[in-house]
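S.K.: One letter stands for each residue in the lines below.
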Amino acid sequence: MSDKGRYLRVALAGNPNTGKSSLFNALTGLNQKVSNYPGITVEKKTGSFRLNDTTTVELVDLPGTYSLHASSPDEEIVLRTLTERENSDRPDVVIVVADVTNLKRNLYLFTQIADLGFPCILALNLSDQIDRKGLKIDVEALQQRFEMPVISISARKKRGMELLKQALASDLKPVATPLYAVPEEHRSAAEQVRQDLGLSNTYGGWLWLTQGNAVEGVSSGEAKQWRIGETVNRYNYLERVIQTHTQRIPELDRSRTAKLDRVLVHPVWGLVILFTLLFLIFQAIYAWAEVPMNLIDTAFSDLSERLSDRFPDGFLSRLFTEGVIPGIAGVVIFLPQIIILFAAISFLEESGYMSRVVFLMDNILKRFGLSGKSVVPLISGTACAIPAIMATRNIENWKERILTIFVTPFMTCSARLPVYAVLIGLVIPSHSVLGLELQGLVLLGMYLIGFIAALGASWGLSKLLRDRQSSHFIVEMPSYRRPHLRNVLLTIYEKSRSFVVNAGKIILLISVLLWIMASNGPGDQFRSAATYVSASQPELQGEALELAIETHRLEHSYIGILGRIIEPAIRPLGYDWKIGIALISSFAAREVFVGTMATIYSVGSDEEQPVLERLRLEKNPETGKPFFNLAVGISLLLFYAFAMQCVSTLSVVKQETNGWKWPLVQMLFMTGLAYVVALIAFQLLQ
Amino acid sequence: MNFPKFALLKMSLNKGEHTWTAADLKPGESARILEIAEDRVPLKLFDMGCLPGAEIELCFEAPFRDPMYFRVADYRLAIRRELASHIILEQRA
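Protein chains in written order, with numbering that gives the first Met the number 0: chain A, 0 to 685; chain B, 0 to 92.
Quick caveat, the hints were computed from the structure, so don't treat them as lab data. Where hints are given, some of them may not hold.
To be verified - 30 Å max Cα-Cα, derived DSBU-like pairs, lysine-lysine:
no.	chain 1	residue 1	chain 2	residue 2
1	B	Lys43	A	Lys223
2	B	Lys43	A	Lys398
3	B	Lys43	A	Lys135
4	A	Lys44	B	Lys43
5	A	Lys43	B	Lys43
6	B	Lys43	A	Lys462
7	A	Lys258	B	Lys43
8	A	Lys43	A	Lys223
9	B	Lys43	A	Lys365
10	A	Lys258	B	Lys25
11	A	Lys103	B	Lys43
12	B	Lys25	A	Lys365
13	B	Lys25	A	Lys103
For reference, chain A alone in the conformation it holds in the complex (with noise of 0.2 Å):
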């Protein structure tokens, strides 16, 4: 290997809250990649940057935590990169990133991954606040105290980067004493745990003998009493250190924090300013994000008729204007409301605002199993599913973030509001009721039926998950911090192009084979329906004639087959074979419904008002009466309001489950939810 190849394995450990992720984002910059470790949902970040002539960095970020002991995935993912001799991320040095107002903590992590063995830099964080906090920090004497470079950065302002780099250049060796020396009565059960797992050092060994489950013969309550001499120790030798190399003029720094949680998280006052700027986000997905929404629209309307305009007509230039150009428009459609939620959510929480989400909403929401956090996603949901799905990335308790996951398309997603306006149109007669618009209320009634489903479909499953882990509500409240627009932008950044390039290209293929599905048939009846339409109404011409040809097409095309073919299921909810086309091809999204029933109905807009008065006129053949009276009108809007009618919902499940379980299993629990309250429904008004 050449001098040039050489790589140097880096992590950055690091508290919660330090600006881990801003240091990781001034090195490596948009030279990073997300993924996730292998079997389980915790994102994995690693990047790399040029040192010198000689060297290249390969930088990893390991998920923040305030000790090497594991009670979380992202914990043990930790754990297992810093002991593991044969880890493939096992790094050559540990870059530490401490946060210097509350020093002691973030230095008790610093001395546990020392004694793993590994030259070590610690990186004191936000400098520029040392003297504004009235904290002074003898660098140099830390430096000499603990064998190793200490450095001061701030990570946001890109300073001490070259002061770092230097550091990594250097020569670096690891602490020659453990600043914690494992008790000599557990020495050689600790070195035999070293051995059996194939760890770095005794240290190691220590660490999961004390992990509590992890060795046989040790009770985790033993090891809980073990580690917890180890904490006392640590925190009492830190206390020490602080002592000698700090000087702290107490009181100046509680101002700002403390004077807006007076406000913020004040019972009355914290509630309303919450569900304002809830509102304000709701808003902005719901409404503001339909102006660029309607602009892509067109622009791929516009693309699709240009090409389709060139191109000699015949399959191939068909599925590329009728199914491919609008599969991919299927997918950029959603870009603009995951930009704008992610701006708003890297906003909450780069500001440590999300923290005060959780602590208001704990109370009620920890009753249905859920998480403070989950608000966002919950709210975000009454807009589209897909952002709101992919905002639960940051609840970090397992549980909690699969139920949000589950629940959130229970939500009265826009998606749902033409269905519900051309079935509320249809069924609801416009009366008014005690002075309100019943239809207006029926609406109502449909946004609660979604809300009191996802809360109690998350109450009843909270039941039947076991906990991964311990489900202690333990969150620190950072210090507010002006948002960062340069860690804002990587994450909108990030979210999008991970949503086009794992969710986006299973919702182009299942969009695409539902058109081939709807646009063509086996059979003489499907390729030559215009002569078996002429045949049996000779009187249609013109528009009603292309019309007439484009219905007798559908039922005959694959989608119309199936529709047939699952009528026998879908009778006792009221519903006919069209209405099962409808169902099938509304899978590419909700609102799909409509089109299908114009088309069906050979109504020649596919707006809400004319496929409405077209389907009041259809009769039930066996009765004479109203085909979509009320009872098949509520069983209707029951089923849409529980089915997963929603392929990018399923997609961007899988996304962010990382498998097929997940989605399959929700799709399953939702249409089968669906299904019996539909039938219910239709048999009781019958």
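Let chain A serve as the given structure and place chain B on it in line with the hints.
M.R.: Using the frame of chain A, we list chain B on its own:
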């Protein structure tokens, strides 16, 4: 300041008599932590430096008075009332 010895943590709680815990604090009040019921409290809280000898102050309470927002060992922390009731405080002078 030094933290009390490890042995102190092992003291079990006397169930009968009322103990003064972090859950009893009123907003604005502070006290020193005497001991923590280690079988009830996750290690994470210890790891975060919430240890006997540290000063703890209740800053705010969420709607319905739960969870509770404390200031302890130079930073702010929210925990539920139930967990706070396992943090035993020194009696007020």
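S.K.: Of the hints stated earlier, which fail here?
M.R.: none
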